[in-house]
Structure formats: structure tokens, C-alpha cells
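Student: Protein sequence lines correspond, in order, to chains Z and A. Everything in the first sequence is counted per the numbering used here, starting at 1 for the first residue and increasing by one. Everything in the second sequence is counted per the numbering used here, starting at 1 for the first residue and increasing by one.
Quick caveat, the hints were computed from the structure, so don't treat them as lab data. None of the hints are false.
Some but not every residue of chain Z turned toward chain A, in silico, with C-beta under 7 angstroms: (1) SER166; (2) ALA170; (3) GLY173; (4) MET174; (5) GLY175; (6) ALA176; (7) THR177; (8) GLN180.
In this text, all values refer to a predicted model and were calculated from it rather than measured experimentally. Every residue gets a Cβ at the ideal spot worked out from N, C-alpha and C, and that includes glycine.
Listed below, chain by chain, are the residues.
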Amino acid sequence: MSSLRINRFIDKGFQYVGIFATLFGLIMLAIFLFNILGDGLSRIDWDFLTNLPSRRASKAGILTAWVGTVWIMILTSLIAIPLGVLAGIYLQEYGTKNKLATIIEVNISNLAGVPSIIYGLLGLEIFVRLMNMGSSLLAGACTLSLLILPVIIVATREAMKAVPNSLREASYGMGATKWQTTWYQILPAASGGIITGVILALSRAVGETAPLIVIGALAYVPFVPQTPLDEFTVLPMQIFNWVSRPQKDFLENGAAAIIILLLITFCMNGIAIYFRNKWQKKINW
Amino acid sequence: MNVYYGDNHVLHDINLSMKENTVTAFIGPSGCGKSTFLRTLNRMNDYIDTFRLTGKLEIDGKNIYGKKVKVEELRQEVGMVFQKPNPFPKTIFENVAYGLKIQGNKDKDFIEERVEKSLKQSALWGEVKDKLHNSALSLSGGQQQRLCIARTLAVKPSIILMDEPASALDPISTAKIEELISELKANYTIVIVTHNMQQAARISDRTAFFYLGNLIEYDKTTEIFTNPKNKQTENYITGRFG
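So that you can see chain A by itself, here it is in the shape it has in the complex (with noise of 0.2 angstroms):
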């Protein structure tokens, strides 16, 4: 598939495709295209007036740019979690009831059970489980972006998208972050742009490296950066640019 901000041909050509339950990685330089192809999994690009995309984009065999496509039910099946952790000016509870709500879910005792289930699945539980009527904002950076993971399993999303994000985070808080992917994994199916390659090749079952708008390469991360077989991959991985 293609895609253009107006006579911007911002990605060229892109062709892959990703397996149930895994972990796929997408690193390149600033500026290649990486969050762009990212958001057009969830069609978060929308919301750009000149964007425009041509070809297609499947999951499950159905293709998500189609004319009777919901747009929100989309959303729903394909969560995302931002750079920039961007928890709701509301309560931690009301944070991650928020995705039921909107469903129109008026069970009480259904949406706390969903709560405190996505919250021992993000691993904040036990650091919230007392304060749950607290602001969502009161809490440290890594534990809000923790509630934002929480806020999209609460959904039951088959894939979560992740744009950067530990990026923001201290070390401590990636590692956590890092360790839920991988246990996350099992369940769920996992795309990462991320600009660490270190992380890219820890957590990651197959990498794409893109480029200038290109998908330059994909394969098994052990691949990738052990025996890339591009050279401008290799260039990227041993750090001569970027």
C-alpha cells in the first residue's frame, strides 16, 4: 500500500504481513514513516485532512479501509497506546472503564470486575488497587502510561499498537513496560515503533526496519541483527546513521 499527505508520498510500496500473538517491531531513523504506517493499523490518520491511501490494509481478512467499515468498532478490536502517556483528566477507575462505557456497558459489577482485571494485566493493581477514585493524574509517568495499557486491555482488543512507549519513561518504568509486552504477548497481538534498537531486538519477534518511507527490510529480529541482509540495515543497526 501507498500513502500521501496530499502530493506527499510519505510511504511507498509497503508489503508485509503479521502473525497472531506475536511481537513485531518497527525501528528506523526520524522521520521514515514508521508511526505513520502505524496509525494507518487503526486508521488514526483519518483525522488528517490530506491523507490519502491506496491499496489495502487487512486484518483477519477484511480490509479496514473498506466503504462499510466502522471506524470504531475498528478501534475497538485494534487498541493504541501513545508516545506521550495521555491518561483522561478523570479518575483512575473512570479511566479504565472509559472503553466499556462508550460501548454503552451499564453492568456495575461487570465493569469493576473488567477494571481490576486490566489492571493486574498492566501490572498497576496492586500500586492503585486503594486509590482507584484518585486522579488518574496524580500518578508517576510510568504509572500512567501503565493505565493507558490497562485503559485499552479493558476493551479486549486482539492487537494493541504501540507508538514509542517507553520512550517518555525512565529506565525502571521501560523495564516494566518491556516485561508486560512480552507477557502480553500470549494473548494479544503486538506492534511496537520504537527508536531503541536495543529494545527492538529484546522484546521483538520479527523487526522492520524502515526508510525515507520504504520498508527496507523484515525478517526474525535474531535476522536482522545478527545478519541483515541490506546494507543500509546494517548501517542502521551498527549506528552509521540515524
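Isolated chain Z (complex conformation) (with noise of 0.2 angstroms):
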């Protein structure tokens, strides 16, 4: 064959393969969605969402464990939003580029893959124990945001550098301090990428059972959270500890669980995509 046939044979066949690698993923969703809505769905109702966890499966609900979820997704939110956005302008514009910016950068893009166990027994010791904070709401979101602190450091970063310099001119050459241009500039330029970086950083800080658990979230708790001082449970930790039983109700009740979380996942990304797209319009239309 020749050497241009070969080359339009890969083409084509590189086509297939991302076709064949795209369905894959998104088929395997198709078929996790419909088990799990199979599985659970008829057991949502109002009682379910509001009643207390019980050792009656059937009388069980999730009230404590999405309420528990709500609250440290928000006070996550608050704690590692600012301060990994923050963090992010410093070190991207105000940062002189050295040696010790560049040991900083490798090293925050490896926290990001540092095991989340290990945030939980950091958070342990100085959240709970040397802080005071108890097994709470606010050791957990603590906890919880040195987690996910590194990947909006990183995504906030990666969004500023993508502006393209000859804003930063543009301002600068109209006299705006390093600050004005930072601000009315290059974060609305970088806000997609930055948002982005916050939808996939909560996605992850959702799901997180292992570090809670170190900390002390309960697995039975027959009670609401009233403060960020009260102690609490997660939908992943009562999911974790229904589907662990035995009994069949059980498993029923833990796949509602699952959808019930699923729904808070997809409401958080629909509220940060709203936002996104918000800002976004703004400026690139």
C-alpha cells in the first residue's frame, strides 16, 4: 500500500476508535442509570426523604444524610472557592516566576493526586483534635477543602495562563493596575475554565466517604444537624452502610440513595454551568 493510503486508512480507523471510545463511555452510563433508577426509584417518597434512618428498612430515610451532604457541600463551597481562586490569581499574576514558584507549582498539582484517606487523617489531627472542632460539619468541610483546594489552584491557573497576553497589554497600556486588569480582565476571560475547575473539584468532594470517615462522621445518626459544630452523616456514608447489609430492603433503599445523590450532583453542576454560562455570555458573544 502506499504511504498515503495508510495514512488515510488511520485516519478513518482513528475515527472509529474515538466513535467507539465515546459510545463506550457514555453506554456504560446508559446502563448504570437504568439499573439503578430500576432498582431504586420506587422506593423515593416524601417519607423517604424525610424520615430518620432506622433499623427498619423500610421505615429508613436519608433526611439526615442529604441534609448532611447540603450542609458540607455548602460550607465546602464557601471555605475552598475564594481560597483556591484566590490562591490561584496570586500565584498565576502576582507571583514572581523563581525556582521556589516552580518547586510550588509541581507540588500542588501533586496534591491533587494524593489519596483522599490521607486528607482525612491530616484533618483529623488538626481539624478535630488540635483545633477543637470535634467530628463536625466544619472539620469535614475543612477536611473536605484541603481536598479539593489543589484542583482549583491548578484549574484556576491553567484558566488565567490560557488568556492571551495581548489583554493583559491592552490594559496595562490604558494604565490599569496589576489588580483592575486581574479583575475586570483576565478572570472574565478565565472564568469558564475556572468554574469548570470548581464543577469537577465538588463532583469529587460529593462522592468522598474515606476522609468523613476518619474524621468521625457517624454512620447512624438520628438527628439533624442544626450548626456547623453538630455531627453528621453523608448520603455516601448511608449508602455505603445499606449496601452493605444483607437484607434486600436494604439494597432497595441504598440504590434510592444513590439516585437521590446523583440528583444533588447533577443540581450543583446545573447551578455552576448556569453560572458559567452566565458569565460567560458576557463577554464572548
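These two chains come separately, so use the hints to put the complex back together.
Tutor: As C-alpha cells, this is what we get:
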């Protein structure tokens, strides 16, 4: 075969490989969703959503679990997003580009890959014990924030790096300070990438169980947390609790709880995507 | 004055002065330092880590590299238009109003008036007055460059620096920009870097010829192009090199 024919064959072949790879993921997701909806949808009713957990499967509900999840996601967002974005802005725009900066950049990327249970151990020592927060929502939120901070910082930096320098030049040329340039020009232009990073980070946090177990989130919580210093549980923990049991009813509960967790994740992402579209629309039409 | 990038000596003993309300052109082959020199006039080179300047650069008698100089104020006095049009990804109105916004100006009427005036001065008002709230990126290249000029004019600088402002544009847009420069001369001092010698001959009062970081010759434009004193100038102008 001539080299041209080989190249065209590879080109066509790659197209098919790409389509297959995409479909594979989508089909797996579809099978999973179909399965889970089949197993658990019928179990979801108002009682399920508002009952406290119980030893009797038919009476058990996920109230404390989903309230705990929502609480911890709100607290984690409030802590991690400002810290992460501001740190990313500082490191990218204000930091001097020296050896120390390179070391920091490499290590932050590494931190994103550290197993989450290690963050749990860190959180146990620092937040639960040293800072006396106890096994509370606040300690859990701080621990999860540490976990997702590297992801947000890296996403912020990459999004800002992608903003062309000509924009900075134009702004500085008009007599803007660094902060004005960052706030009025670079952040709006980078907002898409930053929010995408935030979505990924929060989606990871919402499903984390190991670090929360380590800091002492409970498996059986018969009350709804009222303040950030209360003890708590989260949906992933409740799910793990139920699917570990042999009784079919608890497995059904687990499936239903998984559906609710998926719903919360979609809502969270939906809100973030709404904001991303709103801010991006302002600049790029 | 001399300019260094680290150990690289890029501008050697440059000595020239420019008068108010004139157009000065910097010409020379690529890499001769004319853009570098232009950017020292509004301290845009400050963002390059290895940049170093020795000597003095004075505007209206004040050394702009002095210790107490606020660079943001300098840039409001000395505006810049870049080679590739770089409007902000915002509306046309917001682009022109940006300079006023960062100065802290909140008076809506004043801003609207100033935006209109600047767009009229840069011969763009007629084409955009009904779509001030469209994205600036929807304009053509020539229009975007005139928008960048309007944006610079809005803060009322006394000096405008132009780094090959028409090199990325088609001939008709180029002609419009050149016409604009001739009109602006009455109220502003303009310094323009250009690769296009005919352009320099058309629009400037005085021309400076740079070569390999040295200022070879600086004289009235008519003298430079008809009666150059330096052999190298003559060779460049007649196209023997460059």
C-alpha cells in the first residue's frame, strides 16, 4: 500500500476508535442509570426523603444523610472556592517566576493526586483534635476543602494562562493596575475554565467517604444537624452502610439513596453551569 | 540612554528629542530596536524581567524612570496602539469607557459623552453608533484598530504611541488610519513605528532611522528621504537591504 493509503486508513480508523471510545463511556453510563433507576426509583417517596435512619428498612429515610451532604457541600464551597481561586490568581499573576514558584507549582499538582484518606488523617489531627472542632460538619468541610483546593488552584491557573497576553498589554497600556487588569479583564475571560474546575472539584467532594469516616462522621445519625459544629453523616456513608447489608430491602434503600445523590450532584453542576454560561455570555458573543 | 535585556545590549546611546504636536516615525529593519525604544516611552518594557535602562527619558522635563513616578499615571498621559488590534472581549461602549472606568469615573453622562467624542475622533462613530452594545469582536480588523485608537483617545493622553498600527490591515483601512493620524496631529504628539517607508514618508514630520540598536540618523522626513546624510540610511531607503 502506498503511504498515502496507509495514512488515510489510519485517519479513518482513528475516527472509528474515537467514536467507539465515546460511545463506550456513554453506554456504560446509560446501563448504570437504567439499572439504578430500576432498583431504587420505586422506593423514593416523601417519607424516604424525610425519615430518619432506622433499623427497619421500610421505615428508614435519608433525611440526615442528604441534609448532611447539602450542609457539607455548602460549607466546603464557601471555604474552598475563594481560597482556591485567590491562591490561583496570586500564584499565576503576582508570583515571581523563580525556582520556588516552580517547586510550588509542581507540588500543588502532586497534592491533587494524594489519596483522599490521607487528607482524612490530616483533618483528624488538625481540625478535629488540634483546633477542637470535634467530628463536626465544619471539620468535615475543612478536610474536604483541603482535598479539592489543589484542583481549584490548578484549574484557575490554567484558565488564566490561557488568556492571551495581548489582553493584559491592552489593559496595562491604558494605565490599569495589576489588580484592575486581573479583576476587569483576566478573571472574566478565564471564568469558564475556573468554573469548570470548580464543578469537577465539587463533584469529587460530594462523593468522598473515606476522609469523612476518618474524621469521625457517624454511620448512624438519628438527628438533623443544626449548626456547623454538629455531628453529621453524608449520603455516601449512608449508602455504604445500607449496601453492606444482606437484606434486600436495605439494598433497595441504597439504590434509592444513590439516585438522590446523583440528583444532588446534577443540581450542583447545573447551578455552576448556569453561572458559567451567564458570565461567559457577557463576554464572548 | 541605553537598554539591556540581561547581558544583551539592545539600544546603544540613543539621544533624540521630539516636539509637541508632531508625528515622528521610527523606521529600520526587523530587530533594530525601534519597537523596544517605543515601549520605553510608556514603560511597557517593565514587564520583561531582564529589562534594564540606563540614562534618562524625559517627558515635559520629568524623568519617567524616576523613583517616584507612578506608571499608571504615565500611561494615561502616553497612550499606546498595538500592531494587532486587541480590543477587550466586551462591548464597543465598554472598550472605549474602560480607561475612564479604571480612573474611578462614575458619571454616566460624562462617560457617554466622552465615548461618543472619542469614537467621532477616530472616525468610527458613524459605523457603530447604533450598535454600541454589540461585542467589539464583531467588528472588522480595521474597525477594531480604530476602536483601539478611540479607547486610547478617551483618556485624553498628550502623546500617542503606535507600534505598526496598520501592518495587519488591508490598504483601505490603512489609508483611513493614516488620514486619522494626520488629523490627530493637531492635538496630540504621535510616535509611530512602521515597516512601511512610504507610510513614514506620507505622514510623519520627522523620521528616525534605527539599525542594530543604534540611532543612525534623525531628521526632517523630507530630508531623510531625499537627502540622507548617512550611507546606511541611504541604503535602507533605497532598498539595498532591510
